[in-house]
Amino acid sequence: TQLLEQSPQFLSIQEGENLTVYCNSSSVFSSLQWYRQEPGEGPVLLVTVVTGGEVKKLKRLTFQFGDARKDSSLHITAAQPGDTGLYLCAGALTGANNLFFGTGTRLTVIP
Amino acid sequence: EPEVTQTPSHQVTQMGQEVILRCVPISNHLYFYWYRQILGQKVEFLVSFYNNEISEKSEIFDDQFSVERPDGSNFTLKIRSTKLEDSAMYFCASSRQGANTEAFFGQGTRLTVV
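These protein sequences, in sequence, are chains A and B.
Going by my numbering, the first sequence opens with residue 18, and the numbers climb by one from there.
Going by my numbering, the second sequence opens with residue 1094, and the numbers climb by one from there.
Read the hints as simulated data drawn from the structure, not as lab findings.
Because the structure is a prediction, the values reported are computed rather than measured.
For glycine and all other residues, C-beta sits at the position ideal for the given N, C-alpha and C.
Wrong hints could be hidden among the right ones.
Listed next, the in silico BS3-like pairs over lysine-lysine satisfying Cα-Cα at most 25 Å (straight line) [stated by the list, open to error]:
{"hint": "1", "chain 1": "B", "residue 1": "Lys1171", "chain 2": "A", "residue 2": "Lys73"}
{"hint": "2", "chain 1": "A", "residue 1": "Lys87", "chain 2": "A", "residue 2": "Lys74"}
{"hint": "3", "chain 1": "A", "residue 1": "Lys73", "chain 2": "A", "residue 2": "Lys87"}
{"hint": "4", "chain 1": "B", "residue 1": "Lys1150", "chain 2": "B", "residue 2": "Lys1176"}
{"hint": "5", "chain 1": "B", "residue 1": "Lys1135", "chain 2": "B", "residue 2": "Lys1150"}
{"hint": "6", "chain 1": "A", "residue 1": "Lys87", "chain 2": "B", "residue 2": "Lys1176"}
Facing chain A, a subset of chain B residues (Cβ under 10 Å, in silico) [as the list claims (entries may be wrong)]:
{"hint": "7", "residue": "Thr1106"}
{"hint": "8", "residue": "Gln1107"}
{"hint": "9", "residue": "Tyr1128"}
{"hint": "10", "residue": "Lys1135"}
{"hint": "11", "residue": "Val1136"}
Simulated restraints, written as ranges between beta carbons of each label pair [stated by the list, open to error]:
{"hint": "12", "chain 1": "A", "residue 1": "Lys76", "chain 2": "B", "residue 2": "Val1105", "range": "21 to 31 Å"}
{"hint": "13", "chain 1": "A", "residue 1": "Arg77", "chain 2": "B", "residue 2": "Gln1107", "range": "29 to 39 Å"}
{"hint": "14", "chain 1": "B", "residue 1": "Thr1098", "chain 2": "A", "residue 2": "Glu22", "range": "29 to 39 Å"}
{"hint": "15", "chain 1": "A", "residue 1": "Leu103", "chain 2": "B", "residue 2": "Arg1189", "range": "24 to 34 Å"}
{"hint": "16", "chain 1": "B", "residue 1": "Ile1153", "chain 2": "A", "residue 2": "Pro25", "range": "21 to 31 Å"}
{"hint": "17", "chain 1": "B", "residue 1": "Arg1189", "chain 2": "A", "residue 2": "Lys74", "range": "15 to 25 Å"}
{"hint": "18", "chain 1": "A", "residue 1": "Leu75", "chain 2": "B", "residue 2": "Met1108", "range": "15 to 25 Å"}
{"hint": "19", "chain 1": "A", "residue 1": "Lys76", "chain 2": "B", "residue 2": "Val1207", "range": "37 to 47 Å"}
{"hint": "20", "chain 1": "B", "residue 1": "Thr1106", "chain 2": "A", "residue 2": "His92", "range": "24 to 34 Å"}
{"hint": "21", "chain 1": "A", "residue 1": "Leu75", "chain 2": "B", "residue 2": "Asn1167", "range": "27 to 37 Å"}
{"hint": "22", "chain 1": "B", "residue 1": "Gln1107", "chain 2": "A", "residue 2": "Glu22", "range": "12 to 22 Å"}
{"hint": "23", "chain 1": "B", "residue 1": "Gly1165", "chain 2": "A", "residue 2": "Ile127", "range": "43 to 53 Å"}
{"hint": "24", "chain 1": "A", "residue 1": "Lys76", "chain 2": "B", "residue 2": "Ser1120", "range": "24 to 34 Å"}
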């Protein structure tokens, strides 16, 4: 069983469309991080959320942490080809010193 | 901008050989990590290191694996006797105050065991 499930696994959309990626778990996390990973490279941190219900914005990207701190979402407005990549959520359990990574969402934005 | 650096970028080794993967974490960070990612699979935690000792390790991190901080800047992962299934991308990461703070990842070392 996966601790963190992401959906959808694959997403292909046209430039200018909006999209939402979901990260769900039955576990409560003390924090959750979103990363973007390019082929052959390491994950690059986008944002960290720590408070239930927290919303953070990074230009056209909006991240939300669920009230119960079990889930999170990433919403991209007016997607651009440069947004193409693998998006990963990763959660830290209370008292643990490691991150559990989600299964990933591979986004393709078609010009 | 400070970054985590890893060497080598690629390593090919014969099964049964020892390999050492090297990492230079961000200088003011206190927590260090190794993760691996088998091709097409998710990123998996191996080990975390704080205050010169292992703070957590996963089931993957068995007796074949060890970590060391030999000096004030380097952080190494040693695999004593490599197996074919050790082939993966290995990522080093560091954070200032543990897993609840931002973890910054290196570019990775692609290990191929033949």
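Results of checking the hints against the structure:
1. Only pairs whose Cα atoms come within 25 Å are accepted, and Lys1171(B) paired with Lys73(A) is rejected, the gap being roughly 39 Å.
2. In summary, the hint linking Lys87(A) to Lys74(A) is supported, as the alpha carbons are separated by about 19 Å, within the 25 Å threshold.
3. Note on Lys73(A) and Lys87(A): the hinted pairing holds, with a Cα-Cα distance of about 17 Å set against a maximum of 25 Å.
4. Note on Lys1150(B) and Lys1176(B): the hinted pairing holds, with a Cα-Cα distance of about 19 Å set against a maximum of 25 Å.
5. Using a Cα cut-off of 25 Å, the hinted pair Lys1135(B) and Lys1150(B) holds, with the two alpha carbons roughly 17 Å apart.
6. As the CA atoms of Lys87(A) and Lys1176(B) are separated by approximately 36 Å, the hinted pair breaks the 25 Å bound.
7. The interface hint given for Thr1106(B) is broken, as the beta carbon of that residue sits about 19 Å from the closest beta carbon of chain A, more than 10 Å.
8. Below 10 Å, beta-carbon pairs count as interface contacts, and Gln1107(B) has none with chain A, the closest being about 23 Å; its hint is therefore violated.
9. With a least beta-carbon distance of about 8 Å to chain A, the hint placing Tyr1128(B) at the interface is held under the 10 Å criterion.
10. A least Cβ separation of about 5 Å between Lys1135(B) and chain A falls short of the 10 Å threshold, and the interface hint therefore holds.
11. Below 10 Å, beta-carbon pairs count as interface contacts, and Val1136(B) has one with chain A at about 4 Å; its hint therefore holds.
12. Distance hint check: the CB atoms of Lys76(A) and Val1105(B) are about 40 Å apart, inconsistent with the given range 21 to 31 Å.
13. As the Cβ distance of Arg77(A) to Gln1107(B) is approximately 48 Å, the hint placing it in 29 to 39 Å is violated.
14. Checked against the hint of 29 to 39 Å, the C-beta distance between Thr1098(B) and Glu22(A) comes to roughly 33 Å, which is consistent with it.
15. Distance hint for Leu103(A) and Arg1189(B): a CB-CB separation of about 25 Å, consistent with the stated range 24 to 34 Å.
16. A hinted range of 21 to 31 Å holds for the C-beta pair Ile1153(B) and Pro25(A), which are about 28 Å apart.
17. A hinted range of 15 to 25 Å holds for the C-beta pair Arg1189(B) and Lys74(A), which are about 23 Å apart.
18. Under the hint 15 to 25 Å, the C-beta atoms of Leu75(A) and Met1108(B), about 44 Å apart, miss the expected range.
19. The given range of 37 to 47 Å is respected by Lys76(A) and Val1207(B), whose C-beta atoms sit roughly 44 Å from each other.
20. For the pair Thr1106(B) and His92(A), the supplied restraint of 24 to 34 Å is violated, since their beta-carbon distance comes to about 43 Å.
21. Roughly 32 Å separates the CB atoms of Leu75(A) and Asn1167(B), a value that falls within the hinted 27 to 37 Å.
22. In this structure the hint that Gln1107(B) and Glu22(A) lie 12 to 22 Å apart at CB is violated, the actual value being about 38 Å.
23. Remark: the range hint 43 to 53 Å for Gly1165(B) to Ile127(A) is upheld by a beta-carbon distance near 48 Å.
24. Evaluation of the 24 to 34 Å hint for Lys76(A) and Ser1120(B) yields a pass: the beta carbon distance comes to about 29 Å.
This entry does not satisfy hints 1, 6, 7, 8, 12, 13, 18, 20, 22, going by the numbered hints stated previously.
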